[in-house]
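Asker: Single-letter residue listing:
There are 2 protein chains.
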Amino acid sequence: MSWGTELWDQYDNLSFHTQKGIDFLERYGHFIRDRCLIEMEYAGKLRRLVKNYQPKKKEEEEYQYSTCKAFKAMLCEVNDLAGQHEVIAENLQSDVIREINYLVKDIKEERKKLLQDSAKYVAMINNQVASLERSRKNYEKAFKEAERALDNFQRADADLNLSRAEVEKQRMNMAIKNQHCEESKNEYANQLQKTNELQSQHYKALMPEVFRQLQELDEKRIRNVRHFMAHSADVERNVFPIINKCLDGIINAANQVNEKQDTILVIERYKSGFEPPGDFPFDDLSRGGESTPLVLPGSGNTYVSSGVGAHRSESMTVKGTMSAGKLKKRVGLFAIFSSNKLMDVCSSVKNNLSSSG
Amino acid sequence: MSWGTELWDQYDNLSFHTQKGIDFLERYGHFIRDRCLIEMEYAGKLRRLVKNYQPKKKEEEEYQYSTCKAFKAMLCEVNDLAGQHEVIAENLQSDVIREINYLVKDIKEERKKLLQDSAKYVAMINNQVASLERSRKNYEKAFKEAERALDNFQRADADLNLSRAEVEKQRMNMAIKNQHCEESKNEYANQLQKTNELQSQHYKALMPEVFRQLQELDEKRIRNVRHFMAHSADVERNVFPIINKCLDGIINAANQVNEKQDTILVIERYKSGFEPPGDFPFDDLSRGGESTPLVLPGSGNTYVSSGVGAHRSESMTVKGTMSAGKLKKRVGLFAIFSSNKLMDVCSSVKNNLSSSG
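Protein sequence lines, in the order shown, are assigned to chains A and B. When we follow full-length UniProt numbering, the leftmost residue of the first sequence carries the number 1, and every step to the right adds one. When we follow full-length UniProt numbering, the leftmost residue of the second sequence carries the number 1, and every step to the right adds one.
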């Protein structure tokens, strides 16, 4: 079934239908364009998220721990994931939107050309029919004049009062009019033949060919819609393996998180290397103030020191070996420490002790 | 290696470090929360896109064509795809964000309790050391008084001018002071024993236990970061099969697009069922205006009609059989038609023809 034969009289509907088809294709293109924008926006938001959560310069020290390293690695993967949505948008742009734009332009031009052709054919047949009508009227007029000339001759021939010359004039006139009528009839016949030939060609060849090509154009459009729709799904699916790898990357990053390793790092970072203070010695004044360890029943402690004061000053020396920076940090930490109310109590106890010691 | 033994003197750093750990966990929670928002926004945008491109009521007639049907089916799939991103957001919310919030609350409380315990232990040892210092000073004072009493007694005993009663008084005083010094010494020894016992317990049991529990708490936090990170990737991956099905759905929809079927639908929709006009007949006036087909050499056409005018009126009847609605539509289509300049020429030819016929 072809538009050329079945829809020979549906020029306007075909013009309308093919325009609707182009509108649909453009609308589909706009849909993909809007989808692209959403993918780009999504990717942009993911990238901004990653940027917002990048470790700050001052936090670099923390990024030796496995949790922080994993978080940083995960941010990289989310960034790559964002990139894959940009790939979707770029491929939709190059493989679908651009191709749709080309196709719409082609189809519009082709449709316009075909409609112009068919308008030309309609004008041709209409002109021919007008010529036919003119030649038929000429024939009608010549026929009437020939009839009148015959009538005049017959009347003249019957009128015995008229001269032979007059009768001969009417016969001549009748012959001329008859001749003219014959010529007009032939011209009319010629025009009729031309018109019928052209009309037959118009309805059987020219217009069917235009409509056949319009149908082909519409089928081309529809085939391409199928292609674009399937391809846009493929574009989306094609990034799956890489998105999967990004997710594998996040799982790998997570598996690098090691709580034992991290708490050992804390030891390495903060360990002073000092031993906890030993027992206070017994300050036996009866032996001239010589400090002796307090030997208690069952206690194996043999620590000897030069007295409580000496012990205190030793722990001061310990503090003195710390770097200035470390001391500064400790001050900072004490500040945090002191924000706790209970800690205040503890701290004041400490101060009392050091002032009384 | 344990924080309890290795970091016995790093209370402040451990307080600082565990706070940093909680900050990290909260920050990770905020990251997932922000990611959720992006997923929800993406899903919302896809849903709005689908809504914007839903066929309008007035376009329903077009939706009999396979391209339009496929487009509608594809919109459904994109809507389902949006739903899967909502599933990601919902599962991140319930499985990760909520769990992180619970964990942060637990760890904060546990850490606070441990720091309070350790502050209590520090206060205890400091109080004990202060008591020790007081008892040592009492002992020192009593020792000096005993020394002075001994001195006084010896001086009195050597002075032969003094009465025995006076000497006896000094001996008594010396004995009392000695007794008091012995008592103070014992008290000092007791306090020293208590202090050393408490200090040993403090550094070997109480504080190590607090630090060990802080380490356990930190390890629990780190283990959970691993778990949350891996789980959030799984949440994302879990929707893949359904997203894949959505894409399959789009490909299936595309494959339903059938150009041949659609152009046949156009024929069914617009076909008038009329035959193209036949030849114009020859209006032979010499046979009294009887219309005869123009018999041309080699033409098999035997069409007979009652003249050009009759033929025209027949084609009018043909038009008369069309429904009013269809005629109205055709008027509308002619309006489109006449917007084309070339069509104007063609149309005016047509009008001339019908006025002259």
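Be a bit skeptical, because a hint or two may be false.
Listed next, the stretches of chain B that the computed footprint assigns to chain A, with coverage defined by at least 3 CB atoms under 8 Å from CB atoms of chain A [to be verified]:
1. 41-55
2. 197-206
The calculated lysine-lysine pairs, modelled on DSS-like cross-linking and capped at a C-alpha distance of 25 Å, are [claimed, not checked]:
3. A:Lys137 <-> A:Lys194
4. B:Lys51 <-> A:Lys58
5. A:Lys245 <-> B:Lys245
6. B:Lys108 <-> A:Lys58
7. B:Lys72 <-> A:Lys260
8. B:Lys72 <-> B:Lys58
9. B:Lys245 <-> A:Lys56
10. A:Lys20 <-> A:Lys137
11. B:Lys58 <-> A:Lys45
12. B:Lys108 <-> B:Lys120
Just so you know, the hints here were simulated from the structure itself, not pulled from any lab data. Cβ coordinates follow ideal geometry from the N, Cα and C atoms, glycine included.
Asker: Now look at each hint and say whether the structure bears it out.
Answerer: So, going through the hints one by one against the coordinates:
1. Requiring three or more residues with a Cβ within less than 8 Å of a Cβ of chain A, the coverage given for the stretch 41-55 of chain B holds, as 7 such residues are present.
2. Counting residues of the stretch 197-206 of chain B whose beta carbon lies closer than 8 Å to any beta carbon of chain A gives 4, which meets the minimum of three for the stated coverage.
3. Under the criterion of a C-alpha separation no larger than 25 Å, the hint pairing Lys137 of chain A with Lys194 of chain A is consistent with the structure, at around 17 Å.
4. Pair hint Lys51 of chain B plus Lys58 of chain A does not hold up; C-alpha atoms about 47 Å apart against a cutoff of 25 Å.
5. Under the criterion of a C-alpha separation no larger than 25 Å, the hint pairing Lys245 of chain A with Lys245 of chain B is consistent with the structure, at around 20 Å.
6. As the CA atoms of Lys108 of chain B and Lys58 of chain A are separated by approximately 24 Å, the hinted pair is consistent with the 25 Å bound.
7. Under the criterion of a C-alpha separation no larger than 25 Å, the hint pairing Lys72 of chain B with Lys260 of chain A is inconsistent with the structure, at around 55 Å.
8. Taken as a hint, the Lys72 of chain B and Lys58 of chain B pair is honoured in the structure, with Cα atoms around 15 Å apart against an allowance of 25 Å.
9. Taking the CA atoms of Lys245 of chain B and Lys56 of chain A, the gap is about 41 Å. The hint is violated against a cut of 25 Å.
10. For the suggested pair Lys20 of chain A and Lys137 of chain A, the alpha carbons sit about 44 Å apart, so the restraint of at most 25 Å is broken.
11. Straight-line distance between C-alpha atoms of Lys58 of chain B and Lys45 of chain A comes to about 37 Å, which puts the hinted pair past the 25 Å bound.
12. The suggested pairing of Lys108 of chain B with Lys120 of chain B holds, with an alpha-carbon distance near 18 Å, which does not exceed 25 Å.
Consistency with the previously given hints fails for numbers 4, 7, 9, 10 and 11, ordered from lowest to highest.
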